[in-house]
Amino acid sequence: KAGVTQTPRYLIKTRGQQVTLSCSPISGHRSVSWYQQTPGQGLQFLFEYFSETQRNKGNFPGRFSGRQFSNSRSEMNVSTLELGDSALYLCASSFSGGAGEKLFFGSGTQLSVL
Amino acid sequence: AQRVTQPEKLLSVFKGAPVELKCNYSYSGSPELFWYVQYSRQRLQLLLRHISRESIKGFTADLNKGETSFHLKKPFAQEEDSAMYYCALSVNSGGSNYKLTFGKGTLLTVNP
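Chains as they are written, first to last, in my numbering: chain A, 1 to 114; chain B, 115 to 226.
Bound-form chain A, shown alone (with noise of 0.2 Å):
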């Protein structure tokens, strides 16, 4: 079973552009969840997906939208770029992100804001 695929793995975006991440789950599994890594801040949950429906959303600004497909592939998109986003952004998944379950991670997209 192939595992949850970020893509791209790197980028560099100037401030003020916008970029779009993408991420495929493990196939079977209907829920996306995205979180940015810091190191100063650790883990942050920034919003998770269900059916195409957004059940989750955390506390970042609306410059952070993202969105689900019916094959459950999602995309995050983040708007006018600020320094401070640049970060490790981590989607997972799993198979409907229920209270126990447990989250494969992909491996990250990690992003430059210069």
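These aren't lab readings, by the way, just hints derived from the structure by calculation. Think of the CB as a built atom: it goes at the ideal place given N, C-alpha and C, for glycine as much as any other residue. Incorrect hints may appear among the rest.
Computed footprint of chain A on chain B, listed as stretches where at least three residues anywhere in the stretch have a Cβ under 8 Å from a Cβ of chain A [stated by the list, open to error]:
#1 126 to 134
#2 213 to 224
Among the chain A residues that face chain B by a calculated CB cut under 10 Å, a handful are [said to hold, decoys possible]:
#3 F95
#4 A99
#5 L103
Assemble the complex: chain A is given as a structure, and chain B must be docked to it using the hints.
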């Protein structure tokens, strides 16, 4: 509000010594707790979850509701245990929706 606290950013022990990584949580509901681990150049992965009451790679964790803790323990540390460890709490955000809240992590180094 729910919170997960890992008081130690760094923890260094010698091979063969016992190790305990601390995790405290605050949550008004019934907690579902996990430990995730990230080895160097590898993906973040589940180590164990309290509902399974399992021991993985010699690690155990007991949920103590009175002390609101879920400390991770191993009696004899190995060099390959060196990694970043994250404690996580599954939080109900309404209905059957849950999200995972992570602590900031503890970097464990096991010295030879």
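Structure-based check of all given hints:
1. 126 to 134: violated (count 0)
2. 213 to 224: That given contact holds, which follows from 7 residues of the stretch 213 to 224 of chain B lying within Cβ reach (below 8 Å) of chain A.
3. F95: violated, 12 Å
4. A99: For A99 of chain A, the interface hint holds, since the closest Cβ of chain B sits about 5 Å away, which is under 10 Å.
5. L103: Holds: closest Cβ of chain B sits about 6 Å from L103 of chain A, inside 10 Å.
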